[in-house]
Amino acid sequence: MVNKAALWKRLLAQSYIWILLLVMYMPVLILIIYSFTTSALGEPIVFSWKNYADLFLSHEIQVAVGNTFILAFVTAVISTIIGTLGAIGVYESRPWFKKTLEFTTQVPVVNPEIVIALSLIVMFVFVGGIIGRLELNFWTLLSGHLVLTIPFVYLSVRPKLMQMDPALYEAALDLGCTPRQALWRVTFPEILPGILAGFLMAVTLSLDDFIVTAFTRGPGLLSGPSNIQTISTYVEGIIKKHPLPTNLRALTTFIFLGVLLLVVTFAVVQNVKAGKGKRRKGRQY
Amino acid sequence: MPSTSEALPGRPKKESRGQRFFTLKRRYLAFPYALFLLLFVVIPLLLIIGYAFTETDIVAGEKVTTFSFQAAASFFTSPSKWSVLFVSLFVGVQTTIICLLLAYPAAYFLAEKKFNSNKVLVVLFIMPMWINFVIRTGATRDLLDWMGLSGSTHPWEATIIGMVYNYLPFTILPLYTTILKLDHSQVEAAADLGANPWNVFWKNIIPQTLPGIVSACEMVFMPVMSSYVISDTLSEGKITLFGNYIYLAFSNSLWNEGSFMALIMLILIGLTMLATRKIEKDPTGSRGGDIW
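Residue numbers (our numbering), protein chains in the order written: chain A, 1 to 285; chain B, 1001 to 1292.
If we strip away everything but chain B, and leave its shape as in the complex, we get:
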């Protein structure tokens, strides 16, 4: 009986309390944000998956979209696309390793009071990030040209150097923030208990700073694999990474093939996220938000 619920004694009381038609609750504020993410993040990504497995033909003047593994088949059968994957992986791994080797000592020296007490130096390392990266890439290319390492003769070396130049600050920052939190009593205890310096470093300091190392790898590896400007400029178009390939697909309006390549990138990201999830508890904490 619906009429009884209207006659419930509680109802007039409720009305008198909330006199306005609409009461602002804080959770309503999430609406524009959620809508934006849905429209411009979720739907586009779903469309990428859709385009990766469809094909559009023009039959009798009309566009017909059909389900197809064309893009997938062309990826798995074409050696040039396989080479995009392997070259990207290789450039990614090489850049990440060089960045880590250069950045770890720098971050360590910057964070340890006994080596450095000057915070300005940290800012100096981050500052290049704020200078337009296309200009920086051009400048690096011109400098390397002058030094005889031009893209036409040494595409590989030039590309790696350019990548390291660009991604070194992104490596130093997460390492620096984790090394700042290093528990020194643990390090001292290890030394007191007889570990030699090598073991102290390898078995205590490295495990303690592992979240920073993982986060640094994440900041470098994927962006390097998918970069376009740096590899295109420094290798003078001789090295094709995922980024270059997708850009090419974009400029030729090859939406299906481009989407399939993007899908492979997405899968790679998913895999790395799964692999690093356990080590890195807070994936955003050291991602640069701390600079400010």
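Bound conformation, chain A alone:
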């Protein structure tokens, strides 16, 4: 009797979860289904590959996708370097400095994107007023994305530093390492998971950004003389006035598959790691 009640509860819980998931994925799923047809949403589906062909022929989309990935990669590399070094440095700093920087790190995290974006453009306008011309380009855009991502790299490296045994670094120095060697051979491997997590976070934050990009971009990258177009700004420019064009349905399919692939890879890697850990433990005891 009790078992039966528990079973019912479980069933109810599971159906709630699945229905919510279904509703959440509905827009994207419908887009993916309709990516194989050029008919409007709700109309009968006439199968065709035209959207996919369009996708590979559309220069604009390729430029946007290319820009997005170049920007995300450059952003992630730079923010990972500055953020990681910052985390190590701040961790060893004097208390007042540490406190100040910890607080300042929180600012872009809690600050709405639009305020970050406006504050940056106001600064560019201000500097432009001093030097006589306002010039937005790839570097202003990059700085905007760095503001978005660097604190998150810092915040994902910091807990790894806190978990690390501080004696390890000292021991490396005592055993004859130079500080640089000790950092590279002792600290770096210890905090590597945090660095990787920070890198991935930076990539995803940069890929998804619209507001800061729209405010700080200028001409450059693959867009050449016109303003840098990323997936977000390109799509936003269209959906302001029109429904999503059919070739973007195909793009959605690819993005979805890409994300799915990453998630599955990540899950597998985690599982393998967990398995290894268990085996090692088993052998030891």
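By construction, these hints were calculated from the structure, which means they are not laboratory data. Keep in mind it's a predicted model, so treat the numbers as computed, not measured. No residue lacks a Cβ here, since even glycine has one placed at the ideal position from N, Cα and C. A few of these clues could be false.
Unchecked claim - Chain A stretches covered by chain B per the calculated footprint, using a threshold of three residues with CB under 8 Å from any CB of chain B:
#1 4 to 15
#2 24 to 33
#3 54 to 60
#4 80 to 86
#5 91 to 104
#6 173 to 186
Chain A is fixed; fit chain B onto it per the hints.
What follows is chain B alone, placed relative to chain A:
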């Protein structure tokens, strides 16, 4: 007498120990980070405050910047700007409540072993966050259009639905991480001591998961108030939130007015941070860093 300090016996010893001109100390590594934050976070925010209380006029062909309460005055006297504030607050509150109501059971079911032991489901809830949100917004808009809830006829409903769609994962995640840490012996003790299920939930489980609830609210409320794309797309420009207003100021180069609006947002954030500081001890712990 400065010459004596040079002749101190300790000095040559020091020199022999640190033979290189520059010894790397770990705290020096913070330099680029600190410089970056100063240049691109602190100074821009100070400039926002500066621009909020100044005015630039062109007098005899030259730009003259003067201290002024023009932007502030125009905010406090213009009903349309007041309505931006109230509409934003209202959309923010409504979205946050709906998100919490939908997300709490989901997070609870996901975290409790007796309802669900499948970790993949959690990832499924987070996955939409990684699909470009502009595309997702467009997709939601097209779907709602098709269902007859277009922005031109139902701007409010469409906007709220779009917001909930986008922010639900951000609500589920912090709730999930706190519910995972739920102390079950406390819950059982409450039940054993005679509390009915309602009281167990209301007086034990909710207080235990309060940090997660607060963190979820923070993740939704402010971003909703300041969002631009979702409200602009789904209401077809009929609903103006802080984000839309600041965007408008940006596209018309109204730096002073935009800065004042941004300043009000900053004050609101400061207030919420102060209000939630006590409840939430670690503001970053459940902010999504745990996904990886």
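Quick rundown of the hints versus the structure:
no., hint, in the structure
1, 4 to 15, "holds (count 5)"
2, 24 to 33, "holds (count 7)"
3, 54 to 60, "violated (count 0)"
4, 80 to 86, "holds (count 4)"
5, 91 to 104, "holds (count 7)"
6, 173 to 186, "holds (count 4)"
The structure does not agree with numbered hint 3 stated previously, though it agrees with all others.
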